[in-house]
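Participant: So the sequence shown is residues 228 to 623, counted in our numbering.
If you are wondering where the hints come from, they were derived from the structure by calculation, not from laboratory data. Here the structure is a predicted model, which is why all the values come from computation and not from measurement. Where a beta carbon is used, it is the ideal one built from N, C-alpha and C, also for glycine. A few of these clues could be false.
What the hints assert, rightly or not - Label pairs and their computed distance ranges (CB to CB):
no.: 1; residue 1: Gln493; residue 2: Thr534; range: 13 to 23 Å
no.: 2; residue 1: Gly482; residue 2: Asp591; range: 30 to 40 Å
no.: 3; residue 1: Gly482; residue 2: Ser510; range: 36 to 46 Å
no.: 4; residue 1: Lys551; residue 2: Ser374; range: 20 to 30 Å
no.: 5; residue 1: Glu270; residue 2: Asp352; range: 35 to 45 Å
no.: 6; residue 1: Val495; residue 2: His386; range: 33 to 43 Å
no.: 7; residue 1: His452; residue 2: Thr399; range: 20 to 30 Å
no.: 8; residue 1: Asp591; residue 2: Arg512; range: 38 to 48 Å
no.: 9; residue 1: His386; residue 2: Gln614; range: 47 to 57 Å
To be verified - In silico lysine-lysine, DSSO-like type, Cα no more than 30 Å apart, as pairs:
no.: 10; residue 1: Lys544; residue 2: Lys586
no.: 11; residue 1: Lys377; residue 2: Lys235
no.: 12; residue 1: Lys484; residue 2: Lys560
no.: 13; residue 1: Lys235; residue 2: Lys269
no.: 14; residue 1: Lys551; residue 2: Lys466
no.: 15; residue 1: Lys429; residue 2: Lys551
no.: 16; residue 1: Lys429; residue 2: Lys269
no.: 17; residue 1: Lys551; residue 2: Lys539
no.: 18; residue 1: Lys544; residue 2: Lys528
no.: 19; residue 1: Lys479; residue 2: Lys544
no.: 20; residue 1: Lys544; residue 2: Lys429
no.: 21; residue 1: Lys551; residue 2: Lys528
no.: 22; residue 1: Lys398; residue 2: Lys466
no.: 23; residue 1: Lys479; residue 2: Lys466
no.: 24; residue 1: Lys528; residue 2: Lys539
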Amino acid sequence: MTSNPNYKDILQDDDFIRWRLTDDSELGAYWETCLREHPAMKEPFERAVREFSKIRLNREQLSDIEFQRLRQRIQDSVARANGRKRFRRLIQTAAAVAACIAVAAGFSVYFLQSRPESPALPSCDIIVGENLEDEDIYLITGAETTSFTKDIRVQMDEHGLAVVQEAEGGKTTQIATKTAAMNKMVVPYGKRSQLELSDGTKVWINSGSTLEFPATFTENTRTVHLTGEIYVEVAEDRKRPFLIRTADFQIKVYGTKFNVTAYRDQPVQSVVLVEGQVGVAVSDREEATLQPNERLTYCEKQVSRETVDVAKYTSWKDGYLVLKQTPIADVLKLMERYYNLSFDIHDHVDLQAVTCTGKIYLSDNLDNVMKTISLLSSTRYTREDRQIYIDMNPLK
228 MTSNPNYKDI
238 LQDDDFIRWR
248 LTDDSELGAY
258 WETCLREHPA
268 MKEPFERAVR
278 EFSKIRLNRE
288 QLSDIEFQRL
298 RQRIQDSVAR
308 ANGRKRFRRL
318 IQTAAAVAAC
328 IAVAAGFSVY
338 FLQSRPESPA
348 LPSCDIIVGE
358 NLEDEDIYLI
368 TGAETTSFTK
378 DIRVQMDEHG
388 LAVVQEAEGG
398 KTTQIATKTA
408 AMNKMVVPYG
418 KRSQLELSDG
428 TKVWINSGST
438 LEFPATFTEN
448 TRTVHLTGEI
458 YVEVAEDRKR
468 PFLIRTADFQ
478 IKVYGTKFNV
488 TAYRDQPVQS
498 VVLVEGQVGV
508 AVSDREEATL
518 QPNERLTYCE
528 KQVSRETVDV
538 AKYTSWKDGY
548 LVLKQTPIAD
558 VLKLMERYYN
568 LSFDIHDHVD
578 LQAVTCTGKI
588 YLSDNLDNVM
598 KTISLLSSTR
608 YTREDRQIYI
618 DMNPLK
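Based on the provided sequences and hints, a complete structural model is requested.
Facilitator: Set out below in C-alpha coordinates:
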(Lines of atoms letter the chains of each structure in order from A; the text may use other names.)
(Lines give C-alpha, C1' and ligand atoms only; values in the text may rest on other atoms or scores of the structure.)
Protein backbone atom coordinates (compact mmCIF):
# COMPACT_ATOMS: atom_id res chain seq x y z
CA MET A 228 0.00 0.00 0.00
CA THR A 229 1.42 3.37 -1.01
CA SER A 230 1.41 6.30 1.38
CA ASN A 231 -0.98 8.26 -0.86
CA PRO A 232 -3.55 5.83 -2.28
CA ASN A 233 -7.02 6.62 -3.57
CA TYR A 234 -10.04 4.87 -2.10
CA LYS A 235 -10.18 2.34 -4.97
CA ASP A 236 -6.65 1.18 -4.14
CA ILE A 237 -7.68 0.68 -0.51
CA LEU A 238 -10.81 -1.25 -1.52
CA GLN A 239 -8.64 -3.74 -3.43
CA ASP A 240 -6.09 -4.17 -0.63
CA ASP A 241 -6.14 -7.69 0.90
CA ASP A 242 -5.50 -6.45 4.45
CA PHE A 243 -8.34 -3.95 4.18
CA ILE A 244 -10.75 -6.64 2.93
CA ARG A 245 -9.77 -9.06 5.69
CA TRP A 246 -10.14 -6.35 8.33
CA ARG A 247 -13.64 -5.35 7.17
CA LEU A 248 -14.78 -8.98 6.95
CA THR A 249 -13.25 -10.32 10.18
CA ASP A 250 -12.78 -7.33 12.54
CA ASP A 251 -9.24 -8.60 13.18
CA SER A 252 -7.75 -6.51 16.03
CA GLU A 253 -4.18 -6.74 14.70
CA LEU A 254 -5.28 -5.46 11.31
CA GLY A 255 -7.24 -2.71 13.06
CA ALA A 256 -4.08 -1.63 14.84
CA TYR A 257 -2.17 -1.78 11.54
CA TRP A 258 -4.60 0.62 9.87
CA GLU A 259 -4.54 2.97 12.86
CA THR A 260 -0.76 3.14 12.55
CA CYS A 261 -0.99 3.78 8.78
CA LEU A 262 -3.43 6.65 9.29
CA ARG A 263 -1.34 8.15 12.06
CA GLU A 264 1.84 8.03 9.97
CA HIS A 265 0.14 9.10 6.74
CA PRO A 266 -2.61 11.69 7.49
CA ALA A 267 -3.31 12.14 3.75
CA MET A 268 -4.78 8.64 3.77
CA LYS A 269 -7.64 9.59 6.10
CA GLU A 270 -10.12 10.90 3.52
CA PRO A 271 -9.72 8.07 0.94
CA PHE A 272 -9.66 5.52 3.77
CA GLU A 273 -12.94 6.78 5.23
CA ARG A 274 -14.54 6.69 1.78
CA ALA A 275 -13.31 3.13 1.25
CA VAL A 276 -14.98 2.14 4.52
CA ARG A 277 -18.24 3.76 3.40
CA GLU A 278 -18.14 2.04 0.01
CA PHE A 279 -17.30 -1.33 1.53
CA SER A 280 -20.24 -0.99 3.92
CA LYS A 281 -22.47 -1.29 0.87
CA ILE A 282 -21.32 -4.89 0.66
CA ARG A 283 -22.19 -6.52 3.92
CA LEU A 284 -22.72 -9.92 5.46
CA ASN A 285 -26.34 -9.83 6.52
CA ARG A 286 -26.53 -11.42 9.98
CA GLU A 287 -30.32 -11.38 9.87
CA GLN A 288 -30.23 -14.49 7.67
CA LEU A 289 -27.86 -16.43 9.97
CA SER A 290 -27.96 -17.69 13.52
CA ASP A 291 -25.16 -16.52 15.83
CA ILE A 292 -23.55 -19.94 15.64
CA GLU A 293 -23.70 -19.97 11.83
CA PHE A 294 -22.28 -16.44 11.70
CA GLN A 295 -19.36 -17.32 14.00
CA ARG A 296 -18.63 -20.45 11.98
CA LEU A 297 -18.66 -18.40 8.79
CA ARG A 298 -16.32 -15.82 10.30
CA GLN A 299 -13.94 -18.54 11.48
CA ARG A 300 -13.98 -20.13 8.06
CA ILE A 301 -13.05 -16.82 6.46
CA GLN A 302 -10.25 -16.26 8.95
CA ASP A 303 -8.85 -19.77 8.56
CA SER A 304 -9.04 -19.59 4.79
CA VAL A 305 -7.38 -16.18 4.66
CA ALA A 306 -4.52 -17.47 6.78
CA ARG A 307 -3.85 -20.11 4.14
CA ALA A 308 -4.34 -17.80 1.17
CA ASN A 309 -1.45 -16.84 -1.07
CA GLY A 310 -2.06 -13.81 -3.24
CA ARG A 311 -5.00 -11.61 -4.06
CA LYS A 312 -6.56 -13.94 -6.61
CA ARG A 313 -6.84 -16.71 -4.03
CA PHE A 314 -8.39 -14.33 -1.48
CA ARG A 315 -11.04 -13.13 -3.88
CA ARG A 316 -12.04 -16.75 -4.41
CA LEU A 317 -12.34 -17.22 -0.68
CA ILE A 318 -14.68 -14.24 -0.46
CA GLN A 319 -16.87 -15.85 -3.11
CA THR A 320 -16.80 -19.17 -1.25
CA ALA A 321 -17.87 -17.48 1.97
CA ALA A 322 -20.70 -15.78 0.09
CA ALA A 323 -21.84 -19.13 -1.26
CA VAL A 324 -21.97 -20.57 2.26
CA ALA A 325 -23.87 -17.63 3.69
CA ALA A 326 -25.91 -16.75 0.60
CA CYS A 327 -26.37 -13.36 2.19
CA ILE A 328 -24.37 -10.60 0.49
CA ALA A 329 -26.39 -7.44 -0.14
CA VAL A 330 -25.09 -5.05 -2.80
CA ALA A 331 -26.02 -1.39 -3.10
CA ALA A 332 -27.36 0.12 -6.33
CA GLY A 333 -24.84 0.85 -9.04
CA PHE A 334 -21.90 -0.53 -7.04
CA SER A 335 -20.51 -3.48 -8.99
CA VAL A 336 -17.68 -4.07 -6.49
CA TYR A 337 -14.08 -3.49 -7.40
CA PHE A 338 -13.20 -7.14 -6.73
CA LEU A 339 -15.16 -8.05 -9.86
CA GLN A 340 -14.09 -5.03 -11.86
CA SER A 341 -10.40 -5.66 -11.29
CA ARG A 342 -10.57 -9.40 -12.03
CA PRO A 343 -9.60 -10.14 -15.65
CA GLU A 344 -12.59 -11.28 -17.68
CA SER A 345 -12.20 -14.04 -20.24
CA PRO A 346 -14.85 -15.04 -22.79
CA ALA A 347 -17.16 -17.69 -21.40
CA LEU A 348 -17.74 -20.83 -23.43
CA PRO A 349 -20.98 -22.77 -23.09
CA SER A 350 -20.78 -25.99 -21.04
CA CYS A 351 -23.09 -28.10 -18.93
CA ASP A 352 -22.42 -25.79 -15.99
CA ILE A 353 -22.96 -22.54 -17.89
CA ILE A 354 -26.35 -20.94 -18.39
CA VAL A 355 -26.57 -19.18 -21.73
CA GLY A 356 -28.87 -16.20 -22.21
CA GLU A 357 -29.68 -13.66 -24.87
CA ASN A 358 -30.68 -10.01 -24.71
CA LEU A 359 -33.68 -9.83 -27.04
CA GLU A 360 -34.75 -6.92 -29.23
CA ASP A 361 -36.76 -4.17 -27.52
CA GLU A 362 -40.52 -4.16 -28.00
CA ASP A 363 -42.90 -1.21 -27.84
CA ILE A 364 -45.68 -0.50 -25.38
CA TYR A 365 -49.11 -0.37 -27.02
CA LEU A 366 -52.09 1.68 -25.92
CA ILE A 367 -55.16 0.48 -27.77
CA THR A 368 -58.18 2.78 -27.67
CA GLY A 369 -61.03 1.54 -29.83
CA ALA A 370 -59.73 1.22 -33.38
CA GLU A 371 -56.63 3.32 -32.69
CA THR A 372 -53.31 1.82 -31.56
CA THR A 373 -50.47 4.05 -30.35
CA SER A 374 -46.99 2.66 -29.70
CA PHE A 375 -44.30 3.95 -27.31
CA THR A 376 -40.62 2.99 -27.18
CA LYS A 377 -40.16 4.04 -23.54
CA ASP A 378 -42.03 3.39 -20.30
CA ILE A 379 -45.11 5.58 -20.05
CA ARG A 380 -47.33 7.19 -17.44
CA VAL A 381 -50.98 7.51 -18.49
CA GLN A 382 -53.59 9.64 -16.78
CA MET A 383 -57.27 9.27 -17.69
CA ASP A 384 -59.59 12.18 -16.99
CA GLU A 385 -63.34 12.09 -16.36
CA HIS A 386 -64.07 12.94 -20.02
CA GLY A 387 -62.11 10.01 -21.47
CA LEU A 388 -58.98 11.93 -22.42
CA ALA A 389 -55.74 9.96 -21.99
CA VAL A 390 -52.65 12.07 -21.28
CA VAL A 391 -49.52 10.00 -21.95
CA GLN A 392 -46.10 11.08 -20.66
CA GLU A 393 -43.06 9.15 -21.90
CA ALA A 394 -40.24 8.46 -19.44
CA GLU A 395 -36.87 10.20 -19.43
CA GLY A 396 -38.27 13.54 -20.51
CA GLY A 397 -40.09 12.10 -23.51
CA LYS A 398 -42.96 13.79 -25.28
CA THR A 399 -46.52 14.15 -23.99
CA THR A 400 -49.37 12.79 -26.11
CA GLN A 401 -53.11 13.32 -25.70
CA ILE A 402 -55.47 10.62 -26.96
CA ALA A 403 -59.25 11.00 -26.98
CA THR A 404 -61.12 7.79 -26.10
CA LYS A 405 -64.77 6.75 -26.11
CA THR A 406 -66.15 6.71 -22.58
CA ALA A 407 -68.15 3.51 -23.09
CA ALA A 408 -65.32 1.54 -24.73
CA MET A 409 -62.68 -0.64 -23.08
CA ASN A 410 -59.06 0.34 -23.63
CA LYS A 411 -56.06 -1.92 -23.46
CA MET A 412 -52.45 -1.29 -22.38
CA VAL A 413 -49.92 -3.90 -23.46
CA VAL A 414 -46.59 -3.70 -21.60
CA PRO A 415 -44.00 -6.12 -23.08
CA TYR A 416 -41.00 -7.75 -21.41
CA GLY A 417 -38.36 -5.15 -20.66
CA LYS A 418 -40.86 -2.34 -19.97
CA ARG A 419 -42.99 -1.13 -17.02
CA SER A 420 -45.62 1.60 -16.89
CA GLN A 421 -48.12 3.44 -14.70
CA LEU A 422 -51.77 4.27 -15.15
CA GLU A 423 -54.10 6.57 -13.23
CA LEU A 424 -57.72 5.70 -13.91
CA SER A 425 -60.52 8.24 -14.15
CA ASP A 426 -61.61 7.58 -10.53
CA GLY A 427 -58.10 8.33 -9.19
CA THR A 428 -57.05 4.68 -8.76
CA LYS A 429 -53.31 4.27 -9.40
CA VAL A 430 -51.98 1.16 -11.15
CA TRP A 431 -48.35 0.07 -11.64
CA ILE A 432 -48.15 -2.37 -14.57
CA ASN A 433 -45.29 -4.85 -14.55
CA SER A 434 -43.39 -6.26 -17.53
CA GLY A 435 -45.22 -8.77 -19.71
CA SER A 436 -48.69 -7.59 -18.67
CA THR A 437 -51.93 -6.55 -20.35
CA LEU A 438 -54.60 -4.45 -18.62
CA GLU A 439 -58.05 -3.69 -20.02
CA PHE A 440 -59.87 -0.72 -18.52
CA PRO A 441 -62.68 1.70 -19.40
CA ALA A 442 -62.04 5.35 -20.15
CA THR A 443 -64.50 6.24 -17.38
CA PHE A 444 -66.49 4.15 -14.92
CA THR A 445 -70.19 4.43 -15.74
CA GLU A 446 -71.51 1.23 -14.12
CA ASN A 447 -72.21 0.29 -10.50
CA THR A 448 -68.83 -1.41 -10.35
CA ARG A 449 -65.35 -0.37 -11.48
CA THR A 450 -64.04 -3.34 -13.44
CA VAL A 451 -60.68 -4.00 -15.09
CA HIS A 452 -59.23 -7.18 -16.65
CA LEU A 453 -55.66 -8.35 -16.06
CA THR A 454 -53.14 -10.74 -17.54
CA GLY A 455 -49.76 -10.38 -15.83
CA GLU A 456 -48.94 -8.37 -12.71
CA ILE A 457 -50.06 -5.04 -11.24
CA TYR A 458 -49.78 -3.15 -7.98
CA VAL A 459 -52.92 -1.14 -7.23
CA GLU A 460 -53.84 1.72 -4.93
CA VAL A 461 -57.62 1.85 -5.24
CA ALA A 462 -59.40 5.17 -4.76
CA GLU A 463 -62.06 4.72 -2.09
CA ASP A 464 -65.67 4.58 -3.27
CA ARG A 465 -67.98 2.68 -0.93
CA LYS A 466 -70.84 2.76 -3.43
CA ARG A 467 -68.89 1.25 -6.33
CA PRO A 468 -66.61 -1.71 -5.60
CA PHE A 469 -63.44 -2.04 -7.65
CA LEU A 470 -63.18 -5.43 -9.40
CA ILE A 471 -60.11 -7.04 -10.96
CA ARG A 472 -60.79 -10.07 -13.12
CA THR A 473 -58.10 -12.53 -14.19
CA ALA A 474 -58.30 -16.00 -15.70
CA ASP A 475 -58.59 -17.50 -12.18
CA PHE A 476 -59.52 -14.69 -9.77
CA GLN A 477 -62.11 -12.08 -9.12
CA ILE A 478 -60.85 -9.54 -6.59
CA LYS A 479 -63.32 -7.16 -4.97
CA VAL A 480 -62.20 -4.04 -3.09
CA TYR A 481 -63.48 -0.60 -2.12
CA GLY A 482 -60.25 1.20 -1.25
CA THR A 483 -56.94 -0.49 -0.52
CA LYS A 484 -53.38 -1.31 -1.68
CA PHE A 485 -52.43 -4.74 -3.01
CA ASN A 486 -50.48 -6.70 -5.62
CA VAL A 487 -51.92 -9.19 -8.12
CA THR A 488 -49.82 -11.73 -10.07
CA ALA A 489 -51.65 -13.59 -12.82
CA TYR A 490 -49.25 -14.50 -15.63
CA ARG A 491 -50.59 -17.16 -17.97
CA ASP A 492 -47.22 -18.92 -18.22
CA GLN A 493 -46.77 -19.20 -14.43
CA PRO A 494 -48.41 -21.99 -12.39
CA VAL A 495 -48.78 -19.82 -9.27
CA GLN A 496 -51.27 -16.94 -9.24
CA SER A 497 -51.42 -14.72 -6.15
CA VAL A 498 -52.88 -11.72 -4.36
CA VAL A 499 -50.80 -9.92 -1.69
CA LEU A 500 -52.57 -7.37 0.50
CA VAL A 501 -50.62 -4.38 1.78
CA GLU A 502 -53.35 -2.24 3.31
CA GLY A 503 -57.12 -2.42 3.80
CA GLN A 504 -59.16 -5.48 2.94
CA VAL A 505 -59.94 -7.45 -0.22
CA GLY A 506 -62.22 -10.32 -1.11
CA VAL A 507 -60.84 -12.95 -3.49
CA ALA A 508 -63.09 -15.44 -5.30
CA VAL A 509 -61.44 -18.36 -7.07
CA SER A 510 -63.63 -20.28 -9.56
CA ASP A 511 -66.72 -21.54 -7.75
CA ARG A 512 -65.17 -21.36 -4.28
CA GLU A 513 -66.42 -19.16 -1.48
CA GLU A 514 -64.88 -15.69 -1.39
CA ALA A 515 -61.88 -15.40 0.94
CA THR A 516 -61.19 -12.16 2.80
CA LEU A 517 -57.55 -11.15 3.12
CA GLN A 518 -56.03 -9.06 5.87
CA PRO A 519 -52.88 -6.88 5.53
CA ASN A 520 -49.63 -8.85 5.10
CA GLU A 521 -51.49 -11.92 3.83
CA ARG A 522 -50.90 -13.68 0.52
CA LEU A 523 -53.43 -15.91 -1.20
CA THR A 524 -52.10 -18.27 -3.87
CA TYR A 525 -53.81 -20.47 -6.43
CA CYS A 526 -51.77 -23.31 -7.92
CA GLU A 527 -52.94 -26.55 -9.54
CA LYS A 528 -56.51 -25.84 -8.40
CA GLN A 529 -55.37 -25.54 -4.78
CA VAL A 530 -55.88 -22.38 -2.71
CA SER A 531 -53.62 -21.47 0.21
CA ARG A 532 -52.89 -18.38 2.28
CA GLU A 533 -50.00 -17.27 4.45
CA THR A 534 -48.54 -14.28 6.26
CA VAL A 535 -45.70 -12.72 4.28
CA ASP A 536 -43.29 -9.80 4.09
CA VAL A 537 -45.15 -7.76 1.48
CA ALA A 538 -41.97 -5.98 0.33
CA LYS A 539 -40.85 -9.20 -1.35
CA TYR A 540 -43.88 -9.01 -3.65
CA THR A 541 -44.35 -5.27 -4.12
CA SER A 542 -40.85 -3.73 -4.24
CA TRP A 543 -40.69 -4.11 -8.03
CA LYS A 544 -42.90 -1.03 -8.40
CA ASP A 545 -40.22 1.01 -6.60
CA GLY A 546 -37.44 -0.27 -8.84
CA TYR A 547 -35.84 -3.05 -6.82
CA LEU A 548 -36.30 -6.69 -5.82
CA VAL A 549 -36.07 -8.19 -2.33
CA LEU A 550 -34.68 -11.74 -2.43
CA LYS A 551 -34.67 -14.20 0.45
CA GLN A 552 -33.00 -17.51 -0.38
CA THR A 553 -34.56 -17.31 -3.83
CA PRO A 554 -33.34 -20.02 -6.26
CA ILE A 555 -31.28 -18.49 -9.05
CA ALA A 556 -33.58 -20.10 -11.62
CA ASP A 557 -36.46 -17.99 -10.26
CA VAL A 558 -34.25 -14.88 -10.24
CA LEU A 559 -33.31 -15.43 -13.88
CA LYS A 560 -36.99 -15.78 -14.79
CA LEU A 561 -37.56 -12.38 -13.22
CA MET A 562 -34.64 -10.97 -15.21
CA GLU A 563 -36.15 -12.39 -18.40
CA ARG A 564 -39.26 -10.36 -17.71
CA TYR A 565 -37.68 -7.13 -16.50
CA TYR A 566 -34.94 -6.92 -19.14
CA ASN A 567 -36.41 -8.90 -22.08
CA LEU A 568 -33.87 -11.71 -21.82
CA SER A 569 -34.05 -15.40 -22.66
CA PHE A 570 -32.09 -18.01 -20.69
CA ASP A 571 -31.52 -21.63 -21.67
CA ILE A 572 -31.60 -23.35 -18.28
CA HIS A 573 -30.32 -26.93 -18.42
CA ASP A 574 -32.36 -29.50 -16.52
CA HIS A 575 -29.30 -31.27 -15.09
CA VAL A 576 -27.90 -28.16 -13.40
CA ASP A 577 -28.99 -28.19 -9.75
CA LEU A 578 -30.26 -24.63 -9.64
CA GLN A 579 -32.42 -25.05 -6.54
CA ALA A 580 -29.28 -25.31 -4.41
CA VAL A 581 -27.97 -21.94 -5.69
CA THR A 582 -29.90 -19.15 -4.00
CA CYS A 583 -29.80 -15.37 -3.72
CA THR A 584 -30.50 -13.25 -0.66
CA GLY A 585 -30.25 -9.47 -0.78
CA LYS A 586 -31.54 -6.54 -2.79
CA ILE A 587 -31.28 -6.03 -6.55
CA TYR A 588 -31.88 -2.57 -7.98
CA LEU A 589 -33.57 -2.68 -11.39
CA SER A 590 -31.32 -0.06 -12.96
CA ASP A 591 -31.01 0.62 -16.68
CA ASN A 592 -27.51 -0.89 -16.62
CA LEU A 593 -27.98 -4.62 -17.24
CA ASP A 594 -24.33 -5.40 -16.49
CA ASN A 595 -24.60 -3.88 -13.00
CA VAL A 596 -27.72 -5.92 -12.30
CA MET A 597 -26.25 -9.20 -13.55
CA LYS A 598 -22.99 -8.64 -11.65
CA THR A 599 -25.04 -8.12 -8.51
CA ILE A 600 -26.78 -11.44 -9.12
CA SER A 601 -23.41 -13.15 -9.65
CA LEU A 602 -22.23 -11.80 -6.29
CA LEU A 603 -25.39 -12.89 -4.49
CA SER A 604 -25.18 -16.39 -5.94
CA SER A 605 -21.37 -16.84 -6.16
CA THR A 606 -21.56 -17.41 -9.89
CA ARG A 607 -19.68 -15.62 -12.66
CA TYR A 608 -21.28 -13.37 -15.26
CA THR A 609 -19.85 -12.40 -18.65
CA ARG A 610 -21.43 -10.91 -21.76
CA GLU A 611 -20.44 -10.75 -25.42
CA ASP A 612 -22.70 -8.40 -27.36
CA ARG A 613 -26.21 -9.86 -26.82
CA GLN A 614 -25.01 -13.23 -25.50
CA ILE A 615 -24.97 -13.72 -21.72
CA TYR A 616 -23.05 -16.44 -19.86
CA ILE A 617 -23.47 -17.42 -16.21
CA ASP A 618 -20.81 -19.84 -14.95
CA MET A 619 -22.31 -21.92 -12.12
CA ASN A 620 -18.87 -23.18 -11.01
CA PRO A 621 -16.55 -20.15 -11.28
CA LEU A 622 -14.05 -21.51 -8.74
CA LYS A 623 -13.08 -24.65 -10.64
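Participant: Compare the structure with each hint and give your call.
Facilitator: For each hint, the structure was consulted:
1. Gln493 <-> Thr534: 13 to 23 Å: holds (22 Å)
2. Gly482 <-> Asp591: 30 to 40 Å: Check passed, 34 Å falls within 30 to 40 Å.
3. Gly482 <-> Ser510: 36 to 46 Å: violated (26 Å)
4. Lys551 <-> Ser374: 20 to 30 Å: violated (37 Å)
5. Glu270 <-> Asp352: 35 to 45 Å: holds (44 Å)
6. Val495 <-> His386: 33 to 43 Å: holds (40 Å)
7. His452 <-> Thr399: 20 to 30 Å: The hint (20 to 30 Å, Cβ to Cβ) holds, given that His452 and Thr399 are roughly 27 Å apart.
8. Asp591 <-> Arg512: 38 to 48 Å: Hint holds: Cβ distance 42 Å, inside 38 to 48 Å.
9. His386 <-> Gln614: 47 to 57 Å: holds (49 Å)
10. Lys544 <-> Lys586: Holds, at about 14 Å.
11. Lys377 <-> Lys235: violated (35 Å)
12. Lys484 <-> Lys560: holds (26 Å)
13. Lys235 <-> Lys269: holds (13 Å)
14. Lys551 <-> Lys466: This hinted pair is violated, its Cα atoms lying about 40 Å apart.
15. Lys429 <-> Lys551: holds (28 Å)
16. Lys429 <-> Lys269: Violated - the C-alpha atoms of Lys269 and Lys429 are around 49 Å apart, more than 30 Å.
17. Lys551 <-> Lys539: holds (8 Å)
18. Lys544 <-> Lys528: Measuring from Cα to Cα gives roughly 28 Å; hence the hint holds.
19. Lys479 <-> Lys544: holds (22 Å)
20. Lys544 <-> Lys429: holds (12 Å)
21. Lys551 <-> Lys528: Holds, at about 26 Å.
22. Lys398 <-> Lys466: violated (37 Å)
23. Lys479 <-> Lys466: holds (13 Å)
24. Lys528 <-> Lys539: holds (24 Å)
Violation of the numbered hints given earlier is confined to hints 3, 4, 11, 14, 16 and 22; the remaining hints are satisfied by the structure.
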